[in-house]
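Construct all of the structure, not just a fragment, from the sequences and the given hints.
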Amino acid sequence: MVFNMRWFILFSILVSGLHAYSQNPYPQEYDGYRSWSTFNQDTVRYLQYNWGLKVVGVYNDVPLSDFFDVFELPICDVEIRCTTPGGRAEVGYIQFWLRPYEKAYKEWKESGEYSSKYNIIVYSILPEIDKYSMLYEDLQPYIPSLKRDGITIVPWKDSYKEVLGSFIASGIRYLYGV
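FYI, the numbering for the sequence shown is -20 to -1, 1 to 158, going by mature numbering (1 follows the signal peptide of the UniProt record, and there is no 0).
FYI, nobody ran anything at the bench for these hints, they're computed from the structure. Check the hints yourself; a few may be wrong.
No farther apart than 27 Å at their CA atoms in a straight line, the calculated lysine-lysine pairs in the DSSO-like style are these [as the list claims (entries may be wrong)]:
no.: 1; residue 1: K127; residue 2: K97
no.: 2; residue 1: K141; residue 2: K34
no.: 3; residue 1: K97; residue 2: K141
no.: 4; residue 1: K137; residue 2: K97
no.: 5; residue 1: K137; residue 2: K89
no.: 6; residue 1: K89; residue 2: K34
no.: 7; residue 1: K83; residue 2: K97
no.: 8; residue 1: K137; residue 2: K83
no.: 9; residue 1: K127; residue 2: K34
no.: 10; residue 1: K137; residue 2: K86
no.: 11; residue 1: K127; residue 2: K89
no.: 12; residue 1: K137; residue 2: K127
no.: 13; residue 1: K127; residue 2: K141
no.: 14; residue 1: K83; residue 2: K127
no.: 15; residue 1: K83; residue 2: K141
no.: 16; residue 1: K86; residue 2: K97
no.: 17; residue 1: K86; residue 2: K127
Label-pair restraints from in silico Cβ distances [said to hold, decoys possible]:
no.: 18; residue 1: P135; residue 2: T18; range: 28 to 34 Å
no.: 19; residue 1: D46; residue 2: G157; range: 21 to 27 Å
no.: 20; residue 1: Y13; residue 2: T64; range: 32 to 38 Å
no.: 21; residue 1: Q21; residue 2: P135; range: 21 to 27 Å
no.: 22; residue 1: D138; residue 2: S17; range: 18 to 24 Å
For each residue, glycine too, the CB sits at the ideal point set by N, CA and C.
Dropping the structure here:
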């Protein structure tokens, strides 16, 4: 009788655990874009699922307007890195900061993590492939403080969606937790 009761309890725990796992609102494998509400407003899970390392090739070679069409979180600051390979000033990468840059950067450095949970990075320039090129000259009229060679961080403006929208990203990644 005691053996059967233990077996029954163990079996019940296993079945309820499998049921809970099957009801998990947080999908493990990428199966298309999922909204922030799917993750009960859990920002990290939303970003990891939609733009994390398991999302291979989905946001490669796409205009940033595709990203802006689905991205649901407010952007606080934008970081733009310009480089001058061969004398031509190009955008090397763009990072969208989901909290004010200075606060998020400080927390990130203090945490010792590989990357911040408050930013998403857009890889842009592969110098040998011109389709990824966004030139400094294209952005500078909209962001007057943009440095020709270096990093510029400015508060986000919704008008940047239009300016950056046609830009082809070589990849968009969320690297927190790597």
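Item to complete: Measure nothing beyond the straight line between the CA atoms of K137 and K127; if it is 27 Å or shorter, mark the hint as holding.
Response: holds, 18 Å
Worksheet item: Between K83 and K97, is the straight-line Cα distance small enough, at 27 Å or below?
Response: The hint holds at about 12 Å.
Worksheet entry | Pair hint K89 and K34, alpha-carbon separation not exceeding 27 Å | holds, 25 Å
Worksheet item: CA of K86 to CA of K127, is that 27 Å or under?
Response: holds, 23 Å
Practice prompt. Indicate whether the distance between the beta carbons of D138 and S17 respects the range 18 to 24 Å.
Written response: About 22 Å separates the Cβ atoms of D138 and S17, which means 18 to 24 Å holds.
Worksheet item: Has the given pair, K86 with K97, been kept, meaning a C-alpha gap of at most 27 Å?
Response: With Cα atoms ~12 Å apart, K86 and K97 stay inside 27 Å; holds.
Worksheet item: Has the given pair, K137 with K89, been kept, meaning a C-alpha gap of at most 27 Å?
Response: With a Cα-Cα distance of about 26 Å, the restraint between K137 and K89 holds, given a limit of 27 Å.
Discussion item. A range of 28 to 34 Å was offered for this pair. Does it hold for the Cβ distance of P135 and T18?
Written reply: 29 Å Cβ-Cβ, so the 28 to 34 Å window holds.
Worksheet item: If you draw a straight line from the CA of K127 to the CA of K141, is it 27 Å or shorter?
Response: holds, 20 Å
Worksheet item: Has the given pair, K137 with K97, been kept, meaning a C-alpha gap of at most 27 Å?
Response: holds, 21 Å
Item to complete: Please work out if K127 and K34 have their alpha carbons no farther apart than 27 Å.
Response: Roughly 33 Å separates the two Cα atoms, so the pair is violated.
Worksheet item: Taken at face value, is the distance from the CA of K89 to the CA of K127 at most 27 Å?
Response: holds, 24 Å
In summary, the one numbered hint that this structure violates is 9.
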